[in-house]
Structures are given as C-alpha cells and as structure tokens.
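> Position chain B relative to chain A; hints supplied.
Those protein sequence lines, which keep their order, are chains A and B. All letters in the first sequence, in the order written, are residues 17 to 313 by this note's numbering. All letters in the second sequence, in the order written, are residues 17 to 313 by this note's numbering.
Just so you know, not all the hints are guaranteed correct.
If chains are identical, the list can't say which one is meant, so a pair holds when it fits in one copy or spans any two.
[To be verified] No more than 30 Å apart at the CA atoms, straight line, and that leaves these computed lysine-lysine pairs for DSS-like:
| # | residue 1 | residue 2 |
| --- | --- | --- |
| 1 | K232 | K306 |
| 2 | K174 | K242 |
| 3 | K242 | K198 |
| 4 | K44 | K303 |
| 5 | K277 | K36 |
| 6 | K42 | K306 |
| 7 | K310 | K174 |
| 8 | K71 | K36 |
| 9 | K36 | K306 |
| 10 | K310 | K44 |
| 11 | K24 | K200 |
| 12 | K71 | K42 |
The hints are simulated quantities; they were obtained by calculation from the structure and are not laboratory data.
2 protein chains.
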Amino acid sequence: MAIIIDGKSIAEELRAEIRKEVNELKSKTGKLPGLAVILVGENPASQVYVRMKGKACEEVGIVSFQHTLHHDTSQDDLVSLIRTLNAAPEVNGILVQLPLPSHINENAVINAIDPLKDVDGFHPVNVGKMVIGDEDCFYPCTPLGCQELINRYVNDLKGKHLVMVGRSNIVGKPLANMMVQKNKRANCIVTICHTAAADIGYFTRQADILVVAAGKPNTIRGNMVKEGAVVIDVGVNRIENPTDSAKSKLVGDVNFDEVSKVAAAITPVPGGVGPLTITMLLANTLKAFKYHNKIVQ
Amino acid sequence: MAIIIDGKSIAEELRAEIRKEVNELKSKTGKLPGLAVILVGENPASQVYVRMKGKACEEVGIVSFQHTLHHDTSQDDLVSLIRTLNAAPEVNGILVQLPLPSHINENAVINAIDPLKDVDGFHPVNVGKMVIGDEDCFYPCTPLGCQELINRYVNDLKGKHLVMVGRSNIVGKPLANMMVQKNKRANCIVTICHTAAADIGYFTRQADILVVAAGKPNTIRGNMVKEGAVVIDVGVNRIENPTDSAKSKLVGDVNFDEVSKVAAAITPVPGGVGPLTITMLLANTLKAFKYHNKIVQ
Numbered sequence: 017m018a019i020i021i022d023g024k025s026i027a028e029e030l031r032a033e034i035r036k037e038v039n040e041l042k043s044k045t046g047k048l049p050g051l052a053v054i055l056v057g058e059n060p061a062s063q064v065y066v067r068m069k070g071k072a073c074e075e076v077g078i079v080s081f082q083h084t085l086h087h088d089t090s091q092d093d094l095v096s097l098i099r100t101l102n103a104a105p106e107v108n109g110i111l112v113q114l115p116l117p118s119h120i121n122e123n124a125v126i127n128a129i130d131p132l133k134d135v136d137g138f139h140p141v142n143v144g145k146m147v148i149g150d151e152d153c154f155y156p157c158t159p160l161g162c163q164e165l166i167n168r169y170v171n172d173l174k175g176k177h178l179v180m181v182g183r184s185n186i187v188g189k190p191l192a193n194m195m196v197q198k199n200k201r202a203n204c205i206v207t208i209c210h211t212a213a214a215d216i217g218y219f220t221r222q223a224d225i226l227v228v229a230a231g232k233p234n235t236i237r238g239n240m241v242k243e244g245a246v247v248i249d250v251g252v253n254r255i256e257n258p259t260d261s262a263k264s265k266l267v268g269d270v271n272f273d274e275v276s277k278v279a280a281a282i283t284p285v286p287g288g289v290g291p292l293t294i295t296m297l298l299a300n301t302l303k304a305f306k307y308h309n310k311i312v313q
Numbered sequence: 017m018a019i020i021i022d023g024k025s026i027a028e029e030l031r032a033e034i035r036k037e038v039n040e041l042k043s044k045t046g047k048l049p050g051l052a053v054i055l056v057g058e059n060p061a062s063q064v065y066v067r068m069k070g071k072a073c074e075e076v077g078i079v080s081f082q083h084t085l086h087h088d089t090s091q092d093d094l095v096s097l098i099r100t101l102n103a104a105p106e107v108n109g110i111l112v113q114l115p116l117p118s119h120i121n122e123n124a125v126i127n128a129i130d131p132l133k134d135v136d137g138f139h140p141v142n143v144g145k146m147v148i149g150d151e152d153c154f155y156p157c158t159p160l161g162c163q164e165l166i167n168r169y170v171n172d173l174k175g176k177h178l179v180m181v182g183r184s185n186i187v188g189k190p191l192a193n194m195m196v197q198k199n200k201r202a203n204c205i206v207t208i209c210h211t212a213a214a215d216i217g218y219f220t221r222q223a224d225i226l227v228v229a230a231g232k233p234n235t236i237r238g239n240m241v242k243e244g245a246v247v248i249d250v251g252v253n254r255i256e257n258p259t260d261s262a263k264s265k266l267v268g269d270v271n272f273d274e275v276s277k278v279a280a281a282i283t284p285v286p287g288g289v290g291p292l293t294i295t296m297l298l299a300n301t302l303k304a305f306k307y308h309n310k311i312v313q
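With the rest of the complex left out, here is chain A (with noise of 0.2 Å):
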C-alpha cells in the first residue's frame, strides 16, 4: 500500500516558513508584500479560488488587493488596470485568475503584466527562462508544487524517468522543462504525452515518477503503474452525485483505489497537490517582494 502524500501538511509547513520570513521583512523594511488579484465575471470556480488566495496571504501577512470587474469588462480596460497594478510601488505580484470571458485575448492579457511582477509564471519571459536554465524567473505555482513533493519523496533524481501526462501550459509543458534541467532538484529524463499517444500505458507503465494533468478521471488504472512509482495526481474533478447534489465530490485523475496499491508513494485529491499551488504562490510573491525591495539571500 502505497504511502499517501500529504500535502495540506506540507503546505503549512511551507506557510509557516513564508509566514516568519514576511515578519522578519516587515522588520527589517517596514513594509509588507502585495499580491494583485484581478478576477472578471461571475465564475463560481473562480471566486472560489480567488477567495481562497486571498485568505492563503492573510494567513502569512501578504497585503492583498482583490479586484473583482465585471464580466463586460472590455480587453482594454483590463490592460489598463494591470498597467496601474505594474505601477504600484506597494503590488508585488499580479494575478489574473483564468479563465477569462470569452471576448478577452489571454495571451494579450497576460503579456501585459510586468514579467517581474507575473507570480503565476505565464508570462513568456519567464517560460522561456524557466526553458533556458535561468533562475531568475517566476516557476508556474502547480508545476512549482509538484516539484517540491517529488523533491520530498524521491532521492537522487539523476536519470530518474519521469513521465507527465497532459501537455497544457498551466502543468504539463512547464514541470516537463523544469524537471529536465540540469539541476538537483530536477535532472530528470521527461517524457510528455497526451492525447495524441495510442497507448497511454505504454508510457506511463515506464515512469519512475508519473505526473498527470490529464483533465479526466479515470485516466490513469492500476495496471498502467509500474511497482514502486511515485505518482502525483494533479487532477481536479467534481463527480456529481445523481440524487443528492450536496454530496458530489471531487476526485483526481488517477485511480486512487487502484493506484495506491502498486505505487510507492501517491497524492490523494483532494489534499495532495492543491494545497502546494497556492502556498507556491505566496511563495513567489514573498520572492517578487525581496526582488523589488533588492534583498538578496
């Protein structure tokens, strides 16, 4: 059986650290990180997690300003108040919660931040750092978390084969380039596959570490685990219960039942992974607030 991750635990311990570095700043500075969140419309996914990030940065004493425009709101409107927001001496990481309605390029959107204020990490610039093996840059929050559990429960990744399964630009793109770097925390070979792959378990069946942002429950059964993989499970599904809504629930993309029988080691849903991506984000903002403030450490 395999030994379940757990990440809500993790996560505290991480936010405790960032909480007493904020503290000492505060000290030392007399000021405290600012963390922009912008979200447009009614998405109720969305405020759920907007309202979540901005308890996440009460917690710790991260200063956040939440901005909340109506779902009309034109593209240029929305440029022109994340260019207010790159102004803003006291606002060290911007956030804009996607998905965006539908008549908002996001791509425009998020190439409007000022890449050392973009926290999430989806500004070009730094995708193509985190690419090149420049650390001065912002990781993706969710990437950013697995790295950190596989960090903690896999030693010596040299030539450990790491397979994602999902290509997106939120997950599966950014953790493959970080987790090939030539660093300790990586140095891993990737393999990336997705929907275009005929046999899904002929790769994941490979993996020493399985990574999977596929987007679907079910995606992954037992006996496409190889004995002994750590595997983390990025998925987030709401499972409606047919006679009583109130108890639907959410469950990831691999089968946990299954799964949790032939890995070494596995991230529940929910509770592994999700706590990780907003502590990374608090993190990223406490690191956004050092760069702007130039404290070197």
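Leaving out everything else, chain B in the frame of chain A:
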C-alpha cells in the same frame, strides 16, 4: 539500407523559394531584408560560420551587415551596438555569433536584442512563446531545420514517439518543445534523454523518430535504434587524422555505417541538418522583414 536524407538539396529548394519571395517583396516595397551578424573575437570556427551566413544571405538577396569586434570588446560596448541595430530600420534580423569571450555574459547580450529582430530565436520571449504555442515568434534555426526534415520523411506525426538525445538550449530543449505542440507539424510524444540516463539505449530503441544532439561521436550505435526509425543527426565532430591534418573529417553523433543498416531514413554528416540551419536563418530574416513591413500572407 536507409534512405539518405539529402539536406543539401532540400536546403537549395527552400533557398530558391526564399530568393523568389525576396525578389517579389523588393518589387513591392523597394526594400530588401537586412541581417546584422556580430562576431566578437577570432574564433576560427565562428569566422567560418559568419562567412557562410554572409554568403548565404547574398545568394538569396538579403543584405548582410557584418560587425567584427575585437576580442577585448566590453559587454557594454556590445550591448550598445545591439541597441543601435535594434533601432536601425534597414536591419530586420540581429544575430550574435556564439560562443562569446568568457568576460561577456551571453544571456545579458541575447536579452538586449529586440525580440522582433531575434532571428536566432534565443531571446526568452521567443523561447516562451514557442513553448506556449504562440506562433507569433521566431523558432531557433537548427530545431526548425530538423522539424522540416522530419515532416518530409514521416507521414502523420500524430502520436509518434520522438526521442531527443541532448538538452541544450540551442537544439534539444527547443526541438522537444516544438514537437510536442498540438499542431500538424508536431503532435509527437516526446522523450528528452541526456547524460544523466544510466542507459540511453533503453530510450533510443523506443524512438520512431530519433534526434541526436549529444556533441559526441558514436553516441548512437546500430543496436540502439529501432528498425525503421527516422534518424536525425545534429552532431558535428571533427576527427583529426594524426598523420595528415589535411585529412581530418567531419562525423556526426550517430555511427552512420551501423545505424544506416537499421533506420528507414538518416541524415548524413555533413550534408544533413547543417545546410538547413542557415536556410532557416534566412527564412527567419525574411519573416522579420515581413513583420516589420506589416506584410501579411
């Protein structure tokens, strides 16, 4: 016996198309595309490459501006030349020949190039856009040449397993990122393997398409390749003849004699990928010219 991929004649065909388009654009705009090439120091190999690039420009009607700087040139002076070229309307592409002398920070120099003139595709903005799948960018020349060859020799890339040996910023990482994208010229399952692998053959034997940029002769032997694979050899290694230096010869990273008996198609060295690299530099310069002159096609 494998088909020998004739990079030289494919490059000639592409250059003829570029020449034709340059002529047409000259009639239309009264202008010619311009490429500035900067060489710092007297590295003999770099001198050869710069000369080849100048000659290739001439052949297709691109104006080449060559800037040869002394080995001791300061980083500031180099960056200031780049700023001048960024502002020069007759210059559509800027290329700094690498490697630079050790007192100069390569990243800082590349970052100074206007991304819209970065025809080498090494600026973080271009690397980031490539990864994100935003095609409004410059792709690096050698990977672009490999992609062209792969598309000519493999039908329907969807789901094919491409194994990339090597993780350099010039070839391995960008090609892996290009070939995993969801588009018709890519859509492969991609594995990047490198020096950290205990057994490279384990990965290379799985490849439908094997691309090798390891920088070492004989990295790939006959028993490391699947029957029927398409093999792209990016390596260029000079083997000296101990008794007669004039008889030195170029070889790739792949043992050609052995692998050509197993593969379906293989690039020779020289005459495989090499001629495509400079051709893609010309294509990128033409793309930059059209961009700067707002010519949509």
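> Each hint: holds or not?
Consistency of the hints with the structure:
Neither within a single protomer nor between protomers do K232 and K306 lie at most 30 Å apart by alpha-carbon distance, with minima of 38 Å and 42 Å respectively. Taking the shortest alpha-carbon separations for K174 and K242, both the intra-copy value of 18 Å and the inter-copy value of 25 Å come in at or below 30 Å. Proximity of K242 to K198 under the C-alpha cut-off of 30 Å is found in both arrangements, the shortest distances being 25 Å within a copy and 28 Å between copies. Taking the shortest alpha-carbon separations for K44 and K303, only the intra-copy value of 16 Å comes in at or below 30 Å, while the best inter-copy value is 51 Å.
With identical chains, the CA atoms of K277 and K36 are never at most 30 Å apart, being 39 Å at best within one copy and 63 Å at best between copies. Proximity of K42 to K306 under the C-alpha cut-off of 30 Å is restricted to the intra-copy arrangement: shortest distance 11 Å within a copy versus 51 Å between copies. For a Cα distance limit of 30 Å, the shortest separation of K310 from K174 qualifies neither inside one copy, at 33 Å, nor across copies, at 47 Å. With identical chains, the CA atoms of K71 and K36 are at most 30 Å apart within one copy only, with a shortest distance of 17 Å there and 61 Å across copies.
For a Cα distance limit of 30 Å, the shortest separation of K36 from K306 inside one copy, 14 Å, qualifies, whereas the shortest one across copies, 54 Å, does not. Taking the shortest alpha-carbon separations for K310 and K44, only the intra-copy value of 12 Å comes in at or below 30 Å, while the best inter-copy value is 51 Å. For the homomeric pair K24 and K200, the shortest alpha-carbon distance inside one copy (24 Å) is at most 30 Å, but the shortest distance between copies (41 Å) is not. When the C-alpha separation of K71 and K42 is checked against a cutoff of 30 Å, the pair qualifies only within one copy, where the shortest distance is 19 Å, while the shortest distance between copies is 60 Å.
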